[in-house]
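Participant: Protein chains in written order, with the working numbering: chain A, 384 to 713; chain B, 384 to 713; chain C, 384 to 713.
Source of the hints: derived by calculation from the structure; they are not laboratory data. Please note: incorrect hints may appear among the correct ones.
[What the hints assert, rightly or not] Simulated coverage check for chain B against chain A, where a stretch passes if three residues somewhere in it have a Cβ under 8 angstroms from a Cβ of chain A: (1) 408 to 415; (2) 567 to 575; (3) 584 to 597; (4) 615 to 626; (5) 667 to 679.
[Unchecked claim] When the alpha-carbon atoms are kept at most 30 angstroms apart in a straight line, the in silico DSSO-like pairs for lysine-lysine are as follows: (6) C/704 / A/692; (7) B/692 / C/641; (8) C/692 / A/692; (9) C/692 / A/687; (10) C/521 / B/694; (11) A/692 / B/642; (12) A/704 / B/504; (13) C/704 / A/687; (14) C/704 / B/694; (15) C/642 / C/521; (16) B/521 / A/692; (17) C/692 / B/687; (18) C/687 / C/642; (19) B/692 / C/687; (20) C/692 / A/694; (21) C/694 / A/642.
Even for Gly, the Cβ is constructed at its ideal location relative to N, Cα and C.
Okay, here's what each chain looks like letter by letter:
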Amino acid sequence: MIKKALHLNQGKDDPDALTSFFDEIHTIAQGLATARDARIHTDNEAPVSLPSNESIVQLIHQARRILFPDFFFQTAPATANLAHCLAREIMELYDNLSTQVGLSLRHNRLQAAQPDHGSNKRGSETAIDFLRALFEIKRLLTADMCAAMEGDPAARSFDEVICSYPGFSAITVYRLAHKLHVLRVPLIPRIMTEYAHSLTGIDIHPGAEIGESFFIDHGTGVVVGETTEIGDRVRLYQGVTLGALSLSKHEIALFKNKKRHPTIEDDVIIYSNATILGAEAVIGARSIIGGNVWITERVPADTKVLLEKPKLIFIGNNGHKTSPTQEAEK
Amino acid sequence: MIKKALHLNQGKDDPDALTSFFDEIHTIAQGLATARDARIHTDNEAPVSLPSNESIVQLIHQARRILFPDFFFQTAPATANLAHCLAREIMELYDNLSTQVGLSLRHNRLQAAQPDHGSNKRGSETAIDFLRALFEIKRLLTADMCAAMEGDPAARSFDEVICSYPGFSAITVYRLAHKLHVLRVPLIPRIMTEYAHSLTGIDIHPGAEIGESFFIDHGTGVVVGETTEIGDRVRLYQGVTLGALSLSKHEIALFKNKKRHPTIEDDVIIYSNATILGAEAVIGARSIIGGNVWITERVPADTKVLLEKPKLIFIGNNGHKTSPTQEAEK
Amino acid sequence: MIKKALHLNQGKDDPDALTSFFDEIHTIAQGLATARDARIHTDNEAPVSLPSNESIVQLIHQARRILFPDFFFQTAPATANLAHCLAREIMELYDNLSTQVGLSLRHNRLQAAQPDHGSNKRGSETAIDFLRALFEIKRLLTADMCAAMEGDPAARSFDEVICSYPGFSAITVYRLAHKLHVLRVPLIPRIMTEYAHSLTGIDIHPGAEIGESFFIDHGTGVVVGETTEIGDRVRLYQGVTLGALSLSKHEIALFKNKKRHPTIEDDVIIYSNATILGAEAVIGARSIIGGNVWITERVPADTKVLLEKPKLIFIGNNGHKTSPTQEAEK
Numbered sequence: 384m385i386k387k388a389l390h391l392n393q394g395k396d397d398p399d400a401l402t403s404f405f406d407e408i409h410t411i412a413q414g415l416a417t418a419r420d421a422r423i424h425t426d427n428e429a430p431v432s433l434p435s436n437e438s439i440v441q442l443i444h445q446a447r448r449i450l451f452p453d454f455f456f457q458t459a460p461a462t463a464n465l466a467h468c469l470a471r472e473i474m475e476l477y478d479n480l481s482t483q484v485g486l487s488l489r490h491n492r493l494q495a496a497q498p499d500h501g502s503n504k505r506g507s508e509t510a511i512d513f514l515r516a517l518f519e520i521k522r523l524l525t526a527d528m529c530a531a532m533e534g535d536p537a538a539r540s541f542d543e544v545i546c547s548y549p550g551f552s553a554i555t556v557y558r559l560a561h562k563l564h565v566l567r568v569p570l571i572p573r574i575m576t577e578y579a580h581s582l583t584g585i586d587i588h589p590g591a592e593i594g595e596s597f598f599i600d601h602g603t604g605v606v607v608g609e610t611t612e613i614g615d616r617v618r619l620y621q622g623v624t625l626g627a628l629s630l631s632k633h634e635i636a637l638f639k640n641k642k643r644h645p646t647i648e649d650d651v652i653i654y655s656n657a658t659i660l661g662a663e664a665v666i667g668a669r670s671i672i673g674g675n676v677w678i679t680e681r682v683p684a685d686t687k688v689l690l691e692k693p694k695l696i697f698i699g700n701n702g703h704k705t706s707p708t709q710e711a712e713k
Numbered sequence: 384m385i386k387k388a389l390h391l392n393q394g395k396d397d398p399d400a401l402t403s404f405f406d407e408i409h410t411i412a413q414g415l416a417t418a419r420d421a422r423i424h425t426d427n428e429a430p431v432s433l434p435s436n437e438s439i440v441q442l443i444h445q446a447r448r449i450l451f452p453d454f455f456f457q458t459a460p461a462t463a464n465l466a467h468c469l470a471r472e473i474m475e476l477y478d479n480l481s482t483q484v485g486l487s488l489r490h491n492r493l494q495a496a497q498p499d500h501g502s503n504k505r506g507s508e509t510a511i512d513f514l515r516a517l518f519e520i521k522r523l524l525t526a527d528m529c530a531a532m533e534g535d536p537a538a539r540s541f542d543e544v545i546c547s548y549p550g551f552s553a554i555t556v557y558r559l560a561h562k563l564h565v566l567r568v569p570l571i572p573r574i575m576t577e578y579a580h581s582l583t584g585i586d587i588h589p590g591a592e593i594g595e596s597f598f599i600d601h602g603t604g605v606v607v608g609e610t611t612e613i614g615d616r617v618r619l620y621q622g623v624t625l626g627a628l629s630l631s632k633h634e635i636a637l638f639k640n641k642k643r644h645p646t647i648e649d650d651v652i653i654y655s656n657a658t659i660l661g662a663e664a665v666i667g668a669r670s671i672i673g674g675n676v677w678i679t680e681r682v683p684a685d686t687k688v689l690l691e692k693p694k695l696i697f698i699g700n701n702g703h704k705t706s707p708t709q710e711a712e713k
Numbered sequence: 384m385i386k387k388a389l390h391l392n393q394g395k396d397d398p399d400a401l402t403s404f405f406d407e408i409h410t411i412a413q414g415l416a417t418a419r420d421a422r423i424h425t426d427n428e429a430p431v432s433l434p435s436n437e438s439i440v441q442l443i444h445q446a447r448r449i450l451f452p453d454f455f456f457q458t459a460p461a462t463a464n465l466a467h468c469l470a471r472e473i474m475e476l477y478d479n480l481s482t483q484v485g486l487s488l489r490h491n492r493l494q495a496a497q498p499d500h501g502s503n504k505r506g507s508e509t510a511i512d513f514l515r516a517l518f519e520i521k522r523l524l525t526a527d528m529c530a531a532m533e534g535d536p537a538a539r540s541f542d543e544v545i546c547s548y549p550g551f552s553a554i555t556v557y558r559l560a561h562k563l564h565v566l567r568v569p570l571i572p573r574i575m576t577e578y579a580h581s582l583t584g585i586d587i588h589p590g591a592e593i594g595e596s597f598f599i600d601h602g603t604g605v606v607v608g609e610t611t612e613i614g615d616r617v618r619l620y621q622g623v624t625l626g627a628l629s630l631s632k633h634e635i636a637l638f639k640n641k642k643r644h645p646t647i648e649d650d651v652i653i654y655s656n657a658t659i660l661g662a663e664a665v666i667g668a669r670s671i672i673g674g675n676v677w678i679t680e681r682v683p684a685d686t687k688v689l690l691e692k693p694k695l696i697f698i699g700n701n702g703h704k705t706s707p708t709q710e711a712e713k
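Generate coordinates for the entire structure from the input sequences, incorporating the hints supplied.
Facilitator: Right under this line is the structure:
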């Protein structure tokens, strides 16, 4: 570093150049230190530990190994050894999760200028509640896995679904994050689903409520908003948005914590790039929503909603407009 | 961990609390172990090694260094040293690939309840066949690189294309995965393309057949389905879907392994968010498909397909509807 | 490896098999070495070091720690210690950045067959200029953070925005990369924004000019092209393209370095999947562009642009077409 600093003034042995370089660095650091923002700074005295991104990603990997030991261990454990192997992994997950939840609760309280009270204890209790839910989460994910196998002609095996389907990966993380959301853990559930969003392009808010046997194919661009409700056996394709209607700044403040997103009943299929917006949009059971449709209203059960076929303009190489049928007749 | 377990009961020295904590962990582990799913579990006696995600990602990096030694080595090797340097990298790729292919073949046979027979040998043979194909893959990728340079006014240099273009990155992985798909390797090709999908938002099935000089710009949301055929010098933009028509559950079972996706002939350009679905959709040579178009039918050669311009509604700040021309005239 | 090579010929001790295996590897390596492409190869004599992807990703993490010390350090530093802690981090960023910029400048000159002249010195100077800009970048990002908090009813805290919002993450990387772009650093800015693109699905070219208080919600599929200009307090949703009109191959060569992308004035909101193309498309201040709209023309200030509501076709389970209102009346 010192060598580089000297490059600045071309003087290989110039102690003044070096001094002025360090002065500059310290001026920049001092300026930035002073600009610390009170709204996002939590402690004036001691260093504060935050939940760590790496540890939260680790939580997801630990949970996956526990839920699908045939896949996410380096070597799938033998049956005789399985319960022991899972117990060890569960204890490591417990350690990591109780620490991270404790940190996020403490951070939350300090930021609200409340005394840190019992965050560690609540971290431990929440971790245990989460472990107790793993059996049910495994049952749900097994149903999701079967839904992928039934819903995609390209699916060759359950292995392929578990190891390579981004939809299955996003749903796995959502089901873990949703449980923590229900247990009222701050920050961590959202970091988990954004990790999945980053890997898969699928953005499911941990607050959404999603039924059994859920399948998302391809998935890039899917958005499922915070107060969305989805029934059983629903299938979504890439680019589907289940979002909120636009709000003015005034309304945004009012609508925090209120239902703003659609309700999708059982057995609905929604094709690619369809956009369904607002709490009024209740899509009735067994309905099919076609690609690129934009809906903000109620749709009755057993209904197909399709765009009128757009009139395409075909321009042949003679520059004349034709219809595809005319072309085909030639 | 023991310290945390005690937090649960607030008793720092309570051996009963600790015992009951361990009991709970073991009950949860036992429950999950019992729920092992026969459909995805492959071996009741011994641990089974699976192809490893990390090793498969490593395969991609190894192949990239071999194909573009000027870029993906820490330091680009000098010309005098290049053949030696490539030979060493090729041998490492061989080791990794023969192992992973052997594991995936073995896993596949065990899961189909067939005896593991010759998986290791076929792994080694497949690895050699793959190495022999690298020269041709390099030729194809060089043509793809030139297509990017010609197709994008923002492209400044070949370096930029190779180091930063997500489309080029996705096509590189597809060309590697497609070769393994042709060599009938299970699971690994799909894990490779899903790795690229995760990094780029571009989802190309390894089974698709894609010609020379292929370019994808931006790319997020692109889907190219399993039985798609694409000719030479084709250009795609972000959000383009080359997908299958929707099928009922009954049809899905019938259509496994059948042609379900479009055919795109030479020199076609498909603009952003166009959706082309089904095996009937054959897009003739030199045709141009406009943005947001939805096509399920044959398009003759030399044809432009555009949406009729949607009638936009402009609402000025006086609340009256106007057309953009009227506004411009004011 | 030797063991595996022997598998090929089933002969555990056959030295000929081993020799022929090594011969094959060397033939493949030799072929690939000969195929080195003059257009992307920069040096015939000595190894050339390239800017390293890992180091560029590291730059982003270093800058983030400096800009938001409450979040991206393992443990947020105490106030008393903050300036010291930042100074240390700033010096490390300086080291990394001056090296990488030097390498990219050198690589650029060698590739243009120019002598490497002063690349290291310019690397050091550029790094210092970048450090001086961090204070202003922090000010801009703080305004962006507030825009996210005001723009999204689901945002619970500034923490959540900083730690989990992909839009905020992409804008952070863009603001860093844009500064380097302005300082005329080759290659590195684009690698930085493509890293963000890979993580978030948001593709902002470092050349774009973006004003204050910018917010992107969800973000997957957003494209902001090289010569786009965006004013203050603009809000974008997922899938919005601010792109170029299509060009013929001939035009592409002409349009390198020219304005090809839209201008978005202050306080504009653009909803999901809207596409705005070309330099003629100037969106006037305070206008609102609805979802899925496709615009290539000027839009006056204070205008709402909406698609005419498409006529949806509802097909009830009796096979008859109905309108949603008719259904609702039943």
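Participant: Determine which of the earlier numbered hints do not hold for this structure and return their numbers in increasing order.
Facilitator: Of the numbered hints given earlier, those the structure breaks are 10, 12 and 16, listed in rising order.
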